[in-house]
Amino acid sequence: DGGITQSPKYLFRKEGQNVTLSCEQNLNHDAMYWYRQDPGQGLRLIYYSQIVNDFQKGDIAEGYSVSREKKESFPLTVTSAQKNPTAFYLCASSIQGVRGETQYFGPGTRLLVL
Amino acid sequence: AQSVTQLDSHVSVSEGTPVLLRCNYSSSYSPSLFWYVQHPNKGLQLLLKYTSAATLVKGINGFEAEFKKSETSFHLTKPSAHMSDAAEYFCVVTGFQKLVFGTGTRLLVSP
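Just so you know, the protein sequences line up as chains A and B, in that order.
Sequential numbering of the first sequence, starting at 13, is according to the numbering used here.
Sequential numbering of the second sequence, starting at 7, is according to the numbering used here.
Chain B extracted, bound-state conformation (with noise of 0.2 Å):
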């Protein structure tokens, strides 16, 4: 079966510092990875997805992520915070005929 791990269910940083959010996943296959953005109260808004075509995945408004096979890992970087970046994130894999969500990180940006 499938399954995502987001380690954090908060962070922290500060504006214009780097930003790290962790994804771990499992799947019995080759996985389709995706990351999500929602702002309260809001839809979900694909920022990135990585389909095996390259292993790092730029996505929109500056994150990125880099698919690790030997770490089972998807992490979310952004080199520099924005005020406007404060959302919940969802590390997702896809499984058989569906998709599988991580529970999310909250992450906080103080002035």
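Extracted from the complex, chain A is given alone in its bound form (with noise of 0.2 Å):
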């Protein structure tokens, strides 16, 4: 089955503790995303990827950090720096990420402060 997974569901994160969330893709897509997603609010772009090596920051990248080492993984680390982590993150993809292009979701990440 092609699609987009991350793991864990659920995350728990304790005071000054960097965590990070994986996303992975198997359908052959070079654009990658993260987005962040609170209750009453639209999805917020947190980070994004054109190309393996390459990312740019979204609208809110601060706390947040990313690698793209590979074409078919995008991992997402909140650190200790976020003070306000607790919320639903989602992992997309799309095949160049284009203006227009759909992008695809993946099941998301539950992140909790303890």
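Derived from the structure by calculation, the hints contain no laboratory data.
As the structure is a prediction and not an experimental result, all values here were calculated from the model.
Yeah, the Cβ is synthetic: ideal placement off N, Cα and C, and Gly gets one too.
Watch out, some of these pointers could steer you wrong.
[What the hints assert, rightly or not] List of simulated lysine-lysine pairs, BS3-like, C-alpha gap at most 27 Å:
| id | chain 1 | residue 1 | chain 2 | residue 2 |
| --- | --- | --- | --- | --- |
| 1 | B | K75 | B | K104 |
| 2 | A | K69 | A | K95 |
| 3 | A | K82 | A | K21 |
| 4 | B | K48 | A | K83 |
| 5 | B | K104 | A | K69 |
| 6 | B | K55 | B | K75 |
| 7 | B | K74 | B | K64 |
| 8 | A | K26 | B | K48 |
| 9 | A | K83 | B | K104 |
| 10 | B | K55 | B | K74 |
| 11 | B | K104 | A | K95 |
| 12 | A | K69 | A | K82 |
| 13 | B | K48 | A | K69 |
| 14 | A | K69 | B | K55 |
| 15 | A | K82 | B | K48 |
| 16 | A | K82 | B | K104 |
| 17 | B | K48 | A | K95 |
| 18 | B | K104 | A | K21 |
| 19 | A | K21 | B | K48 |
| 20 | B | K64 | B | K104 |
[What the hints assert, rightly or not] Residues on chain A that point at chain B, a partial pick, calculated with CB under 7 Å:
| id | residue |
| --- | --- |
| 21 | L57 |
| 22 | R111 |
| 23 | G112 |
| 24 | G118 |
| 25 | G120 |
Each chain sits in its own coordinate frame; assemble them with the hints.
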């Protein structure tokens, strides 16, 4: 089955801890994205990558970091600098990352702070 | 800048009655528009997409949307609601190298 997988489904973070959310796709897509979803708000873009070893900040990148060492993988690290990390995190991918392209979403990871 | 406004945060219908979810958009160029659906604690699923080929777009599960440039609207409709349609729906417009999401409309379907 082709698709996007995210793990874990739920993640708990302690004060001052960095945590990493996994996103893997086997769709052979070049572009990958990370979004944050808070109740009552639409999705907000954290980071995106159009090609391996390159990524760009989105609208709310502060307190987050990413890497893109492989085409199929785009992990997101929520650092201790992110003071309000509790949210639902969604990873997406698209064929090339050009304007107008459909993005396909993973099932999400819910991050909770202990 | 591109933006979307979903005019209702919640819509309640009875099973078997029509569904109308309203979306207005703003775009400085010819937009691509999407409707996505999200069931609780799940990812987003594409319902349909407008890319200027036809103003009436048919999607999955009996949904359709009509692009009206004069009204800058892209409302989502379905003739007859089903219990399984209860979910959150997002209207989305393309921005520069990203998608711009509305704040969502929660559809409630009662028996």
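Now for the hints, and whether the structure bears them out:
no., hint, result
1, K75(B) x K104(B), "21 Å, holds"
2, K69(A) x K95(A), "18 Å, holds"
3, K82(A) x K21(A), "22 Å, holds"
4, K48(B) x K83(A), "24 Å, holds"
5, K104(B) x K69(A), "11 Å, holds"
6, K55(B) x K75(B), "15 Å, holds"
7, K74(B) x K64(B), "15 Å, holds"
8, K26(A) x K48(B), "24 Å, holds"
9, K83(A) x K104(B), "19 Å, holds"
10, K55(B) x K74(B), "14 Å, holds"
11, K104(B) x K95(A), "25 Å, holds"
12, K69(A) x K82(A), "18 Å, holds"
13, K48(B) x K69(A), "25 Å, holds"
14, K69(A) x K55(B), "26 Å, holds"
15, K82(A) x K48(B), "25 Å, holds"
16, K82(A) x K104(B), "21 Å, holds"
17, K48(B) x K95(A), "25 Å, holds"
18, K104(B) x K21(A), "25 Å, holds"
19, K21(A) x K48(B), "10 Å, holds"
20, K64(B) x K104(B), "24 Å, holds"
21, L57, "5 Å, holds"
22, R111, "5 Å, holds"
23, G112, "4 Å, holds"
24, G118, "5 Å, holds"
25, G120, "5 Å, holds"
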